[in-house]
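Colleague: Now for the letters of each chain:
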Amino acid sequence: MMKMSKSKRKRLIYNCVTFALVIVAFIVLQSMIANKTITRSLKGQLVPICCWVVMAVSLNLVIGISGELSLGHAGFMSVGAYTGAVVSGWLLRAFDMQDPTLRLVVAVAAGGILAGIAGTLIGIPVLRLRGDYLAIVTLAFGEIIRNLVNVLYIGTANGKLYFSFLNKELPADVTMLVDGAKGAVKIKPISTFTAGFVLIILTLIVVLNLVNSRAGRAIKACRDNRIAAESMGVNVTKYKMMAFVTAAVLAGMAGALYGLNSSTVVPTQFTFNQSINVLVFVVLGGLGNVLGSIISATLLTVLPEILRAFADYRMLVYAVVLILVMIATNNPIIRAWLTRLGNIFRHKFQRGTEKGGAAR
Amino acid sequence: MIFLDNLINGLSLGSIYAIIALGYTMVYGIAKMLNFAHGDVIMVGAYIAFCGLQYWGLPPVMAILVAMAVCTVLGVTIEGLAYRPLRQAASLAVLITAIGMSYLLQNLALMIWGANPKSFPRTFINSSILRVGELSISSATIITILANIVIMVALTLFTSKTKMGKAMRCVSEDRGAAELMGINVNRTISLTFAIGSALAAIAGVLLCSSYPILQPTTGSMPGIKAFTAAVFGGIGSIPGAMLGGVLLGVIEIFGKAYISTELGDAIVFAVLIVVLLVKPAGLLGKPVREKV
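Keeping their order, the protein sequence lines are chains V and Y. Residues in the first sequence are numbered from 162 upward in steps of one, following the working numbering. Residues in the second sequence are numbered from 3 upward in steps of one, following the working numbering.
Calculated directly from the structure, the hints in this document are not laboratory data. Where is the CB? At the ideal position from N, CA and C, for every residue including glycine. Certain hints may be false.
To be verified - Stretch by stretch, here's where chain V covers chain Y in the computed footprint (C-beta under 8 Å, at least three residues):
| hint | stretch |
| --- | --- |
| 1 | 14 to 21 |
| 2 | 79 to 88 |
| 3 | 228 to 236 |
| 4 | 259 to 266 |
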């Protein structure tokens, strides 16, 4: 057997733990559903949890791995949600496709593709920029998408789709699918927890493989030192684009799943605040840490439901968490102090003294 | 006539953007960070002025002065608590902290003043209307434009003539060299935040005099648009912020009037994207060459 290097083995264990955790959680929850021991509110949250996990992991790809702050992630989610709603409604009414699973698969795929196209269109100009400019432009794009969706009208009649922009000028006999500021209406909820689980697994396969591939190493090199990477012949724009578009596709798929979980989707669901929510998941879970993103997205989606009494303080706490985590992980004095604390613990509870210093 | 009306409205809105953009551009020029919370300092300033007028019975000028004082303290505190520990950190970390700060301010305002929109009281700023022929101009418009001009002249004089102002320009050019020349960088950055936040209070009062609805999210959208204005004019340049702000205000009002009301924001952001792609240094900014 081939001998594995230490870092390779570490990575394999990390990936296995990530997959195992998701699968075990799925099995436990499924058996809870079968036994009817699951609470009603938790059951209603299963699909949204899956969506937010996918959102967090995909945003982590952009922020943690590629090192660019994207503030328009909810924009891609809304593209996916609308596409999913329209495709699903159109398939049902025009082709009489009754099978919900097939419809869901087509809708989610369509949501991913359209969000990917949007991501490519946005990425081409945006990824030429750096740092703060990139953040503000992605924010701007998120708002533009929301603005455009607000004046979009889509209806279906006789197997045809009718589009109209700014003014509602559609034939009289159409069934409205997207009705401007009212959002996507009359959606038949077809999302299932199993579909969410499959999407998470798909996301993990894509993201973990990308991160540990040649392309992933190139992406990380661009993050750590753009100039050095460029001088080693790495095409920075190409690799940043790869991370950005992959994240957009995944966000679009999550959006489609999210949209098809309820009967309406309104533009106000995908504001800047929603992008910040996902950002909090990513920051709290640890930049670049996929498993952390999954756990924090799950906990932060479930906890507000349980701690309903503190609902008013939720965003306040999020804000404080963002600031404290950033200061604690980036201030040299505090970091040195935390490392020392970590070392003391390690010496007390571990027999081996492998190496000092906490991970990045 | 409608054209002139729109133009004057645009100039007024643009002047407000310009005053906010000054805060962004000074902080960006000196601390090299996007102070995301700046928009929310505007909101706090407006709330303080509102309380002064409505509850404490202060005369308008006093209320504005109190709001400026509170915002100055707030700005310096934010810088000292949240941004100073991250002076050496990557820009990503600083930006996320600034976003967190913006959210913190919004949610604190939500807890203190509630979510219900408050209507900003009438003061001398927006009490009368000037009529010129068929044109009617609100006094708020005139005062906003005048305030903008006064502030810009004062700031230009400050940065070019006084010792502190020169220190600010030094720090923005080369922080390390400035430190070697005996300039106290931390104090200079604090001062920048103080000036920017005091201006934000004025902008908040002017904004709410023209658009008298006050709620915790009042500052965020004008804040982002003002940043757009700062980038448009060339970040770090004081006349640039002025020019960018006024142009952006005019573009927004014309876009809303002649293209679509709903797409007003989208048009503004489209301007930002086009500017960054075509002339990333902005209208009056100097392109910076990257050194390896």
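Colleague: What are the numbers of the hints the structure violates, in ascending order?
Modeller: Checked against the structure, the only hint that fails is number 1, while the rest are satisfied.
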